[in-house]
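These protein sequence lines are chains A and B, in that order. Residue numbers for the first sequence follow this note's numbering, so the first one is 76 and each next one is one higher. Residue numbers for the second sequence follow this note's numbering, so the first one is 32 and each next one is one higher.
Be aware that one or more of the hints could be misleading.
In silico SDA-like cross-links for lysine to any residue, where the CA-CA straight-line distance does not exceed 20 angstroms [as the list claims (entries may be wrong)]:
hint	chain 1	residue 1	chain 2	residue 2
1	B	K33	A	L110
2	B	K208	B	K38
3	B	K241	B	G268
4	B	K33	A	R99
5	B	K208	B	E317
6	A	K228	A	N147
7	B	K38	A	T95
8	B	K38	A	R99
9	A	K111	A	V123
10	B	K33	A	A79
11	B	K33	A	E97
12	B	K33	A	E109
13	B	K208	B	E117
14	B	K241	B	S260
15	B	K38	A	S94
16	B	K38	A	N147
17	B	K33	A	I96
18	A	K111	A	M100
19	B	K33	A	H108
20	B	K121	B	G93
21	B	K174	B	S260
22	B	K38	A	E78
23	B	K38	A	I96
24	B	K33	A	L112
25	B	K38	A	M100
26	B	K33	A	E78
27	B	K33	A	H121
To be clear, the hints were calculated from the coordinates, so they are not data collected in a lab.
In case you want the letters, here they are:
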Amino acid sequence: MAEAAHDVALTVNGTSYRSTIEARMLLSDFLRHELKLAGTHVGCEHGVCGACTVLLDGAPVRSCLMFAVQANGSELSTIEGLASASGDLSPLQAAMHEHHGLQCGYCTPGILMTMTAFLREHGSPSEDEVREALSGNLCRCTGYQNIVDAVLKAAETMRTVAP
Amino acid sequence: MKPAPFKYIAASSLDQALSLKAEYGDEARFLAGGQSLIPAMNFRLARPEVLIDLNGLPELAGIGQSGAETIRVGAMTRYRALERDEAFLKSCPLFADALPHIAHPQIRNRGTIGGNLSHADPASELPAIATAMQARMTIKSAKGEREVDTSEFFAGLLTTSLESEEMLTEIAFPVPKPRSGSCFMEVARRRGDFALAGVAAIVTLDDRGKCANVRLALCGVGDTPVDASDSAASLIGQSCSEAAIEAVAVDVQSAIDPPGNVHASADYQRHIAGVLTRRVLAAAHERVVHG
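Next comes chain B alone, as it looks inside the complex (with noise of 0.2 angstroms):
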């Protein structure tokens, strides 16, 4: 056998599953799709006591109506569900852009958008997502429920600021506004490995064909997704012209600071990265422009 010996319980309710986790704490993992956490106990490098599966609970599942202002979307989701919901992607295009690239089939038919989140692996394509669009997370405990937005969820590497005793239920996504472009691209060494960088923008027009608002998030580059609207804020007023958006890039790649990894140096990284910005911001630019 390979993981290390652990008790199993199939969770029959969220509250259940939530009252079993404030009685083991720290003990405990919940069990989501699995795609990170059981080849980590493969390898023992994870040795959880117990496990709180939460696959029998269909209520932690959903993808909410396509057309509000927000959609909700139950944290134990499967990538493969996303990836098949026709209303959803035309509501939340960046998730259309960045599924194919999460793993591949046989993953995304377990992995869930909830456990992608908690596990918090920088290198990962949603949490970068969740923070281009500004998501807000609702995490649930025994004790009661809060809400926090995603700068204040990802706490560090794989560390999230979830306590012991919580549970990431449903994360809601803002959809972008009328006259808005999205693009996400990454680079990797191999289709479906963890980025060596990935780029995700929303460009927001106003009736002028001026830049309204800008998002822009990194993965692969730092301990947790990188919120780099910032540096593309001097798009803000202005036509998104090659230069502007040159600009932007060169800002991204100062204000970034890449890890560096087997795979690519820091150099190489804060190299695609700058690249990568240029092109997504103009990809999402005529998204607006010619649809």
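Isolated chain A, as found in the complex (with noise of 0.2 angstroms):
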């Protein structure tokens, strides 16, 4: 069947941007190969490990596992975003950075993209909540405890920060 051009206009973290696409682009090929927005990494591609989760109006999914002209009129998120424009470490990368939460950091920009949604909801989460959030994204080297000690103190950082 002929291929059909897909206009999208969507933001991605506050940028606007406008494209024309095949409907077959996944959303996490466009923000890499079209986008040039390569922080999002691919692994799986079938929704298993994580890696390419980002925030699709606020909230994390696989763009995996959405085609890019869904996200027509959406606000994204990823990985570039996170850090202030002057370069400045959000307090979770800041703590995965201290805690020493990646290895070869492929699995890393999902996992902060997953865990920055979380933080937002449990200002105070214990261990287990931090685990069950975690569940979704695989990280073949670092046996996920530093990672888990990073978000706890990502989110006592949050705490004594915030207003």
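Once you've looked at the hints, go ahead and assemble the two chains, each given alone in its own frame, into the complex.
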């Protein structure tokens, strides 16, 4: 069947983008190949590993399990938007750095996006809640312990800093 | 690009979606949450010619008012919306037990109840929950509307009785009667994986504390969700003693014919089904007695 082109307009980390794409282009590929935002990583491309997690209108989703055309009109947040414009790390990023919450770093963008959304709703999470929230993101290096420590530390930092 | 090319149509109304499906028939698939269909397309296991996207149709999403005898849930209602509706979870507590087992938060933010049921994966939780609750499915096409129960809806492995021009639009869940307790448990290899076996139970007691009614359904142990309420019927009129529950578990184990898979042999699935049957019946009973 002939492929029609579709116009999409969306914002990523506050910047507006317009593009014309094939319907079959996954949102993950759109971010990486069209918008050149290659911080969103692609692992399994069938929804298991979580590396491609982005925030769609604030909610974490697998960008490999959506077509880019479906994100028309949406606001996306990706790893590129977490640090401030001047390069200051977000509290979660800083805690991941301090606690050595990453080794190869491949899963890290997905974990940061998942846990950024989680921390917005859970100011004082228990370790069990953190582990449950992490269950959709695979990491093959760290054994998770340092990631859990980092998320708990980030929650603590955010409680102290928040007004 | 991973998926094969397809024609994409974002439906702007339910009527339009239904008339498109009537036009394209089996060549077209409805795109709901996409959390099963898109992986299948990424592997090119599914190659629909046309995708009719339902995500722009708010009329298909929504949870009916709690407090009614029956709660109607729109097919495009996402797991996350169900998970966050306290009143719904209170009325239909099997969902409170089952939803956390469905994949992960990222998947639950997209996946829908109608997409799940229409996909008819026998290892999935919701087909068994719908079976235990005796849900009624509203099915629409451009020509009309019909309502079926779960035994008619789930026709086989990944197969429903939906005709090529039809859509599951709404599911009606009868709220369990007063003095009922529910419980769902499953065993999976990892958190969020499909169940090796799962069991849902609803136990209703009479004024004397004897079992007045019992519903029992399993996932992961057959081509469709398995309604094992007949195996549990021996409880009716009895007190839910350990021995009475054990008899049900033994009957369930002989009644089912689990397929076995790479993660669990048929014997192991049968073993889990027995253990979980005992546990959910005891827990459901406990929840009536002690709230």
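Discussion item. Check the structure against each numbered hint from earlier and tell me which ones fail, lowest number first.
Written reply: 2, 6, 9, 21
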